[in-house]
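2 protein chains.
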Amino acid sequence: MRWTQTLIPTLREAPAEAEIVSHQLLLRAGLVRKLAGGVYSFLPLGLRALRKVERIVREEMDRAGAIEVLLPALQPPEIWQQSGRYETARQVLYKVYDSARREWVLSPTAEEVITLLAAAEIQSYRQLPKNFYQISVKFRDEIRPRFGLMRAREFIMKDAYSFDVSDEAAQQSYQRMYDAYTRIFARCGLRTFPVEADTGVIGGTLSHEFMVPAETGENEVAYCEACGYAANVEKAVSGVKAESAPGGAATPGPEKFATPGVQTIEDLTRPPYNVPAARQIKTLVYLVESRPLIVLLRGDDQLNEAKLAARLGTTTFRPATAEEIFTLLGAHPGSLGAVSSTLPGAAPPVWADERLRGATDMTTGANEDGFHLRHVDVDRDLRVNEWADLRTVRAGEPCARCGKPLQIRRAIEVGHVFKLGTKYSEKLGSGFIDESGVRRPCVMGCYGIGVTRTLQAVIEQSHDADGIIWPVSVAPYEVCLTPLQMSPGSPVREVAERLYEALQREGIEVILDDREERPGVKFKDADLVGFPFRVNIGEKSLARGQVEIKRRAGGALEVVGVDEAAGRVATLVREARAALQVGG
Amino acid sequence: MRWTQTLIPTLREAPAEAEIVSHQLLLRAGLVRKLAGGVYSFLPLGLRALRKVERIVREEMDRAGAIEVLLPALQPPEIWQQSGRYETARQVLYKVYDSARREWVLSPTAEEVITLLAAAEIQSYRQLPKNFYQISVKFRDEIRPRFGLMRAREFIMKDAYSFDVSDEAAQQSYQRMYDAYTRIFARCGLRTFPVEADTGVIGGTLSHEFMVPAETGENEVAYCEACGYAANVEKAVSGVKAESAPGGAATPGPEKFATPGVQTIEDLTRPPYNVPAARQIKTLVYLVESRPLIVLLRGDDQLNEAKLAARLGTTTFRPATAEEIFTLLGAHPGSLGAVSSTLPGAAPPVWADERLRGATDMTTGANEDGFHLRHVDVDRDLRVNEWADLRTVRAGEPCARCGKPLQIRRAIEVGHVFKLGTKYSEKLGSGFIDESGVRRPCVMGCYGIGVTRTLQAVIEQSHDADGIIWPVSVAPYEVCLTPLQMSPGSPVREVAERLYEALQREGIEVILDDREERPGVKFKDADLVGFPFRVNIGEKSLARGQVEIKRRAGGALEVVGVDEAAGRVATLVREARAALQVGG
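Those protein sequence lines, which keep their order, are chains A and B.
Residue numbering for the first sequence follows this note's numbering, beginning at 1 and increasing consecutively.
Residue numbering for the second sequence follows this note's numbering, beginning at 585 and increasing consecutively.
I should point out that these hints are in silico values taken from the structure, not numbers from a laboratory.
No residue lacks a Cβ here, since even glycine has one placed at the ideal position from N, Cα and C.
A few of these clues could be false.
What the hints assert, rightly or not - Quick partial rundown of chain A residues pointing at chain B, CB under 10 Å, derived from the structure: (1) Arg-48; (2) Phe-139; (3) Val-350; (4) Glu-354; (5) Gly-554; (6) Ala-556; (7) Glu-558.
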């Protein structure tokens, strides 16, 4: 391709809208343009890079035995009602209306369609296992889209759905996808690490996310360098549960004391009270599908709503308002507690974090504004309906596996694998007749890769002050030829044209910067767009019969004879390709 | 690919929903499944064929110098308001609402987005010409989707948009696309013919459609076998305009006569009136953007609404109701006319079809229920505000170019090229600074191919009673290997597996029917799906050291030695490929 024949509108300055460097570089390198919040047009070079990610995904999915299909974006709401997700995924579902005022939804994922398809077309164990995937545009109603392609309203996703005869077989399908994902991201030149993940609104029993470490990531991951444990903070556990509970000997019994003006855990840690947060019980009130629930945590712990949702089996809950709480418990936040004697007759159920089990001599609200209770022994004074791991782990806590301190870092989720079990197959009727003639539901898995997000994650991970540093596997072009002048008939131009033809014949993806621009402009643009190799063709070096090959990553410069140039560049490109051809 | 590892749910019977054979075969061959009216899932083989059409389109667009981009489906309504299409394309625009009740539209085409992109990124004549294309999913609110992929709510379209400095340059871009389209359809194995077309709601000055002749097509094309003239009936003209007008000598003047019970042109042709339709004036009343318009045609002609729309420059019109007409003219349909003396003072404008020019001794309604006027001379008795070609041509009329009789046939539109002029570039601000420093609007063209429709058109044109007959260029697989039994260790199976490997090594797209099914079932399925070549491997012929190669098109059978089989099949496939490699 010739630079002047495509469209590469580079920008010197980063548009104000772009908060993170990969978003800035997407715009500055002329890869995408924003049409509206969270909605982007792919310009020629952005699309080339995107197609390369797609191709890697496709090759590895095919290699793993998955079969490509293409499912509609426009879907009838009835099938979402059938799966129950019309409600649970309500917040992200775009509604479409046709001229007859009939409603449709725009697909964010395709569990419903594929499960119905399997229900219609798969009848026998002989047809299993099957794994269907598609690479297609998806839609998600993001209230606050941000970070470019990272959290967009319209994006490209690879979604796959496996159908198996048993849990064990489903586990194998899961593992095949897990392995495929590992290869996919490695081939994209991305350093990712898998973490245990919450199954969220999709549901299911086992889940891993593939994470790209990045300061700007929207996920937090807890990990242990010693033993390799890694989990999304939404799901992560630590060894503190196993610590002995605070307190010690049993106390005589709860004692009420006045705490005028105390509103928070923090307030009570200060004089004259001096109750450490770890010796307080934090009392939260939630409305779960309109029914109240009391949630208790140690005063220094934070509730992890993802863990609560997983345990509840629904995301339809919210904190109660101060008014709702007063109606329920007769006190306002700041003085709340769950000591049985202070609760009303028909008290809401009480869920407590495991870390409170057996704790003695604790302090908590008295359900009377301005009063607390001390000397509270949890097992004696509280009636806990359900114990659960509900707290968020913190950096420095001991790893649950090996006891070494956990660390926490931010990351970008680029892939997600789920064991779904039979949740969807039962609701949507996907089953099979087994070898003994009995009909059973298919055991499913689902597997997503944010293709557009992966593209941007590559940039987030691989750039420098001058611009993008593309891995050769996803670079829009592998080589940029940069003649320092383009006067017709000049030797510089002639050599550039000759190299352009020679490299194309070698199967190298090459772009010729045929603009009549100053060398500095061409260098800056090539570095900004981030082609893995640049060949500088200038009068001076040409006079010595030489051209320069510059490697974008690291900046190594190699001077080669004009006649060897095409061969040498082709070799360098092939070596770079081979380095990313993971396991095949 | 092994048959058992993909999904090919063939059907013996055509589902009742499928009215035309290509739609039936799409379903019966297991290529697609319906999710909802006009919304289809592509199963593995359907997707493979679709991707091959896409690849041909992409290669020819690239060859023609067009640059691929990818534009969003989700678009802000404001840009459609800016172009004026929010109103004119209203009927086909899906409206989307997000959780903040903000409205979006789903893109049926992308003139607005690409023109705004050009407005932002193209500033100089040096950047022109440019032609951007995308292959992407589109949405169209079809009230009555039908015929499978032919008229769907969600479909895949290739749309391209060219930007030029002048009309002459735009004409060259148009011609390049016209030539590319000719190659694309030929490479898909489709017999198409280009016809002059109406520019419709897209607007513009010149347009051709690429048509596939088919009884089931939704378009009518008028064509002349003698000189090659061909045009969509919406646009077609014939030589009858030039015929001498009916009548002859001038008449003394209009004469009113009673016509009790006459409601139609047909009624007046019968006794006691006996007025031939050709001697009547048909009077129609339309409301154009709420304002009335009288349209006159010869009694035996039909109004062509597309021609009226083109002349009006809007599609926002409808026939007036009987009540509205009575209010306007004081009479009901059946007795309407436009003789000046019978019209009210502030009469609506009168448009007449060219064929009425100079007609004498005509009969028309008197604008008084139950009465008509005879001896009407058009030039004398009517005040026509505008003469235009408004009639629909009919088979047998003389060709406007050569005078030979026109024929009419039905066809499927698979592609459409438009010269747009500056309609969009002016409204959306796409311009350039020319060589003399003056800013001018870009001259645009737009070019569409219904990719999913093209796929189905191939089937509509190429099938027999047994199923699809794929051209090798778009076949899901080029060769089907059909072992007549699959017992483990049998020579039949062993030869089949050996051929499977050998053909893959030769770069042939091959599917191995590894099902344990009766030969008859395998033959029927292979013919139904329509693989271009089938290789039958059976015990009997194998005992003679032979296998059979069957060609789907024509059914020719060739018996070859086992050892030559792979080479011979590869040769046949390569010959078939070469036959469709049009001009390249």
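Holds or violated: is there a CB of chain B closer than 10 Å to the CB of Arg-48 of chain A?
-> Check passed: Cβ of Arg-48 of chain A comes within 8 Å of chain B, closer than 10 Å.
Grab the minimum C-beta distance from Glu-354 of chain A to chain B and call the hint holds if it beats 10 Å, violated otherwise.
-> violated (36 Å)
For the hint on Gly-554 of chain A, does the least C-beta distance to chain B fall short of 10 Å?
-> violated (31 Å)
Chain B contact restraint on Glu-558 of chain A - CB to CB distance below 10 Å = violated (32 Å)
Could you check if Phe-139 of chain A really has its C-beta closer than 10 Å to a C-beta on chain B?
-> holds (6 Å)
Taking the least C-beta to C-beta distance, is Val-350 of chain A closer than 10 Å to chain B?
-> violated (33 Å)
Under 10 Å, Cβ to Cβ, is where Ala-556 of chain A needs to be relative to chain B, so tell me if that hint holds or is violated.
-> violated (32 Å)
Violated hints, listed in ascending order, are 3, 4, 5, 6 and 7; each of the other numbered hints is respected by the structure.
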